[in-house]
Amino acid sequence: MRIGEMKSSFDEFWGEFRKVKSGMIGLVFLGLFLMILFFEPLLLPFEQANSRWKDITYWEDNPASAAPQWTNFFSSKKSAVSMPLEVEKKEVKNAGTIRIIEETFLYDYQYDAAPSDIIFRASGQANPTVIISVERPDGKKIDLLRKPLEVTQGKDLRIAIDKTSLNEAYNFLKSMDAATGLSKQTLKTTDILFSKVEDSIVFTPQALKGEYKIMVSLILQKETDVIESTEMKVAGRVHGILGTDNSKRDIWSGVIAGVKWAMLIGLLTALVSVSIGVIYGVISAYVGGWKDSLMQRIFEIFISVPMLPVLIVMSAVFKPNIWMIILIMCVFYWVGPVKTVRSMGLQIKEETYIEASRALGASNTRIIFKHMVPLLIPYAFASMALNVPGAIVVEATLSLLGLGDPNIVTWGQILQDAHNGGAMLSGMWWWVVPPGMAIAFMGMTFAFVGFAMDKILNPKLKTR
Amino acid sequence: MFWKYMLKRVFYGIFIYIILIFVFSALFNTVMEQTLRGQIDEEIRAELMALDNVGSQQIQNFIEMRRAEKFALYKLDKPIFERIVWRTWSTLTLNLGKSSSIRSAAGDRNVWAIVSEKIPRTLILFSSAMLIDIIIGIWLGLKKAQKAGGVLDKSTSVGTMVVFGMPSWWLGMILIMFFAYTIKVFPSGGLHATPPPEGIAFFLDALYHLALPVMTLVVIGFWGRAFLTRNIVLGVLQDDYIMAARARGIPERKVLYGHTMRTSAPPIVTMSLLALLASVSGNIVFEGIFNWPGMGNLFWFALQQNDVPVLMGNLAITTGLYICGLILLDLVYGLLDPRIKVGAKA
Numbered sequence: 001m002r003i004g005e006m007k008s009s010f011d012e013f014w015g016e017f018r019k020v021k022s023g024m025i026g027l028v029f030l031g032l033f034l035m036i037l038f039f040e041p042l043l044l045p046f047e048q049a050n051s052r053w054k055d056i057t058y059w060e061d062n063p064a065s066a067a068p069q070w071t072n073f074f075s076s077k078k079s080a081v082s083m084p085l086e087v088e089k090k091e092v093k094n095a096g097t098i099r100i101i102e103e104t105f106l107y108d109y110q111y112d113a114a115p116s117d118i119i120f121r122a123s124g125q126a127n128p129t130v131i132i133s134v135e136r137p138d139g140k141k142i143d144l145l146r147k148p149l150e151v152t153q154g155k156d157l158r159i160a161i162d163k164t165s166l167n168e169a170y171n172f173l174k175s176m177d178a179a180t181g182l183s184k185q186t187l188k189t190t191d192i193l194f195s196k197v198e199d200s201i202v203f204t205p206q207a208l209k210g211e212y213k214i215m216v217s218l219i220l221q222k223e224t225d226v227i228e229s230t231e232m233k234v235a236g237r238v239h240g241i242l243g244t245d246n247s248k249r250d251i252w253s254g255v256i257a258g259v260k261w262a263m264l265i266g267l268l269t270a271l272v273s274v275s276i277g278v279i280y281g282v283i284s285a286y287v288g289g290w291k292d293s294l295m296q297r298i299f300e301i302f303i304s305v306p307m308l309p310v311l312i313v314m315s316a317v318f319k320p321n322i323w324m325i326i327l328i329m330c331v332f333y334w335v336g337p338v339k340t341v342r343s344m345g346l347q348i349k350e351e352t353y354i355e356a357s358r359a360l361g362a363s364n365t366r367i368i369f370k371h372m373v374p375l376l377i378p379y380a381f382a383s384m385a386l387n388v389p390g391a392i393v394v395e396a397t398l399s400l401l402g403l404g405d406p407n408i409v410t411w412g413q414i415l416q417d418a419h420n421g422g423a424m425l426s427g428m429w430w431w432v433v434p435p436g437m438a439i440a441f442m443g444m445t446f447a448f449v450g451f452a453m454d455k456i457l458n459p460k461l462k463t464r
Numbered sequence: 001m002f003w004k005y006m007l008k009r010v011f012y013g014i015f016i017y018i019i020l021i022f023v024f025s026a027l028f029n030t031v032m033e034q035t036l037r038g039q040i041d042e043e044i045r046a047e048l049m050a051l052d053n054v055g056s057q058q059i060q061n062f063i064e065m066r067r068a069e070k071f072a073l074y075k076l077d078k079p080i081f082e083r084i085v086w087r088t089w090s091t092l093t094l095n096l097g098k099s100s101s102i103r104s105a106a107g108d109r110n111v112w113a114i115v116s117e118k119i120p121r122t123l124i125l126f127s128s129a130m131l132i133d134i135i136i137g138i139w140l141g142l143k144k145a146q147k148a149g150g151v152l153d154k155s156t157s158v159g160t161m162v163v164f165g166m167p168s169w170w171l172g173m174i175l176i177m178f179f180a181y182t183i184k185v186f187p188s189g190g191l192h193a194t195p196p197p198e199g200i201a202f203f204l205d206a207l208y209h210l211a212l213p214v215m216t217l218v219v220i221g222f223w224g225r226a227f228l229t230r231n232i233v234l235g236v237l238q239d240d241y242i243m244a245a246r247a248r249g250i251p252e253r254k255v256l257y258g259h260t261m262r263t264s265a266p267p268i269v270t271m272s273l274l275a276l277l278a279s280v281s282g283n284i285v286f287e288g289i290f291n292w293p294g295m296g297n298l299f300w301f302a303l304q305q306n307d308v309p310v311l312m313g314n315l316a317i318t319t320g321l322y323i324c325g326l327i328l329l330d331l332v333y334g335l336l337d338p339r340i341k342v343g344a345k346a
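Sequences listed follow chains W and V, in order.
Take 1 as the starting number for the first sequence in the working numbering and just add one per residue.
Take 1 as the starting number for the second sequence in the working numbering and just add one per residue.
Heads up, some of the hints might be wrong.
[Said to hold, decoys possible] Mimicking SDA-like on lysine to any residue, the simulated pairs with C-alpha atoms at most 25 Å apart in a straight line are:
| # | chain 1 | residue 1 | chain 2 | residue 2 |
| --- | --- | --- | --- | --- |
| 1 | W | Lys291 | V | Phe15 |
| 2 | W | Lys339 | V | Leu329 |
| 3 | W | Lys339 | V | Leu276 |
| 4 | W | Lys21 | V | Ala148 |
| 5 | W | Lys19 | V | Lys147 |
| 6 | W | Lys319 | V | Ile84 |
| 7 | W | Lys319 | V | Asn306 |
| 8 | V | Lys147 | W | Phe17 |
| 9 | V | Lys154 | W | Leu30 |
| 10 | W | Lys260 | V | Val162 |
FYI, nobody ran anything at the bench for these hints, they're computed from the structure.
Please model the complete structure; the sequences and the hints are all you need to start from.
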């Protein structure tokens, strides 16, 4: 087959493919996935999601087990969303050798449920005394923290108000005569900070909406002390596009980061295994005789293996990485197209031009790869497309059992964490639905494309 | 002729099984032996505790003596090839050894006892799901083929593609979340309520626990089956003799259910049996999610406990069942389809 012939047969194929609506929808979805792949850095709210997925310190400023932000839209009780706070003003005062950095952050609180935490971060090299206080819209001021702390290179200053300031918040309640008969263990700092001061503050807190001013002063004693950057973040009750899991990881980031692994696993496995299977089938058909019989017997041994249990036992014993998993899957998947390809090969073999080229002295390799394999390429593409979802599901299944590659983020691993973290029990649907939807959606994409190709290539499937 | 074909097929199946068990034994030899060595050391330590008033030299002697005895018992003193052959042989004779931690309901640590307890449960779950699945699938497939390209055909084909890459265990997770925790109409998993009720209620309770997993499997399963049935039937409908039958004025219903079904039956039966086989060996995670105490759940459990003898035994039996199924399939196919010249070279 020449290049020109190939092009014209491709054009013919494309002409038919365009008419199949589901195939075109599949291509659009595939394009969508490729776009996600390409623009991944822009789509990830947490840039290091890939490399630090298992690193809990990377995610510690997020709320744990928070629902997606947009759920507020459907709920009558609006929850605080996660966001960074703006600096209203920043001042540096000098008093002799002592420097005081004063920053005021503004938080416009217009929700019904208080945020789960407020976090202050600073980096640099210093031993500052940190003073944090908050001024509420009702004019009441609460001192939250006054403590000498240490910042070094590589170890940021991180203050989580919710945990460190419970005492102060409790004392504030007491000074307002609203804490009668309460135990400190049952209180939550942020609930106190963002609610109206009433006797019912603990059990049915009423949100105090308005502008909150959070003031931070850092007192630096030494000339050499440096504070480089400061930031204040609100960890909401709802978070991001798809919420967070119980170890505060952003699920949207995980799902996006998982796209490339699913694509890699599915496409590579399908490409390698179908190529091997097609070539094996063609050779088996072409050589014939006892060689064909032997090749068929080897093939039968491979199809007699129940794939998933073997794969699981092997992964459990050898703890492979992702490349090994792909390789092992190829070992089981190559048998898929062999039978069909062999029967197709037997037909092609009888064509006159094969005989002609043999008479002209063409080598077997040449006949197989030049004349027979190209005719099977359309079929190969269709079965590749249909093999992709299977490979993705198998990897997800291995991951769900905890046998995946721990160095990457796959949808299966997110689901494993969800299963282990009791997401089903606690109704955290945003942790279970998106990764599975992603698997199903990618499977659907390739199924649309594969079925459409199959429909065109398989004349028996044409409707009357 | 059929008997000869049958015998040949069975012998070939046994041959493949032996090869596979040999390969598994070779692959897992090192890991199995590590586990075994640890187990032996532990047993000897336990025996030492029982002894008292012995000198350190005697202890040393005792350990070495017992270790040599046990090594001889498990053939650990023999060369590696012999050990692999021995392990292959003991697996083939269903001498699967003892688990390292898992016990059967009766407290037995014999792997065979543990596995044989689980097999019926797996079969009940998957065969009942498959039965419903096949009935719906074939019925829908026929309807689709009858009016190929029609509204029903097109819409259900889209359904087929939508569930094509959907993991059944994920749908299971979603349905458990909804039916067991949100609206609380089904149990979240397991075989029985605790404590299991008695008498007729026992069976009703088991059915009640069976409902959700079976429902999940059916919801995922029948689409693909309908699509395949449609394609097979459609292929047959384009054959010349159907045209001839139609031309003779035979009613459409009779053409479909009489002529077409007779030719379509073998591939449809094959497909259904093959799906049953694949599901029995493939739904490890599914049983884990539903906490259904069958073979798959045992795999899951053995993985978490790192119980290699159970893994190996479960694998050997699963493979055995799978190959038996494949043989059965070939035989059924030979019986159903007169066009297959049984015994002749394919």
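If you draw a straight line from the CA of W:Lys339 to the CA of V:Leu329, is it 25 Å or shorter?
OK: W:Lys339 and V:Leu329 at ~16 Å, within 25 Å.
25 Å Cα cutoff - pair W:Lys339, V:Leu276:
holds (21 Å)
Next pair to validate is W:Lys319 with V:Ile84; report whether the Cα-Cα distance is within 25 Å.
holds (22 Å)
Taken at face value, is the distance from the CA of W:Phe17 to the CA of V:Lys147 at most 25 Å?
Measuring from Cα to Cα gives roughly 22 Å; hence the hint holds.
Given the hint that W:Lys19 pairs with V:Lys147, test it: the Cα-Cα distance must not exceed 25 Å.
holds (20 Å)
Check whether the Cα positions of V:Lys154 and W:Leu30 lie no farther apart than 25 Å.
holds (21 Å)
Proposed proximity, V:Phe15 with W:Lys291 (alpha carbon, max 25 Å):
Holds: W:Lys291 and V:Phe15 sit about 19 Å apart, inside 25 Å.
Check whether the Cα positions of W:Lys260 and V:Val162 lie no farther apart than 25 Å.
holds (21 Å)
Would you mind confirming whether the straight-line C-alpha gap from W:Lys21 to V:Ala148 stays at or under 25 Å?
At roughly 16 Å apart (the allowed maximum being 25 Å), V:Ala148 and W:Lys21 satisfy the hint.
CA of W:Lys319 to CA of V:Asn306, is that 25 Å or under?
The hint holds at about 12 Å.
Going down the numbered hints, you'll see the structure goes against none, and every one checks out.
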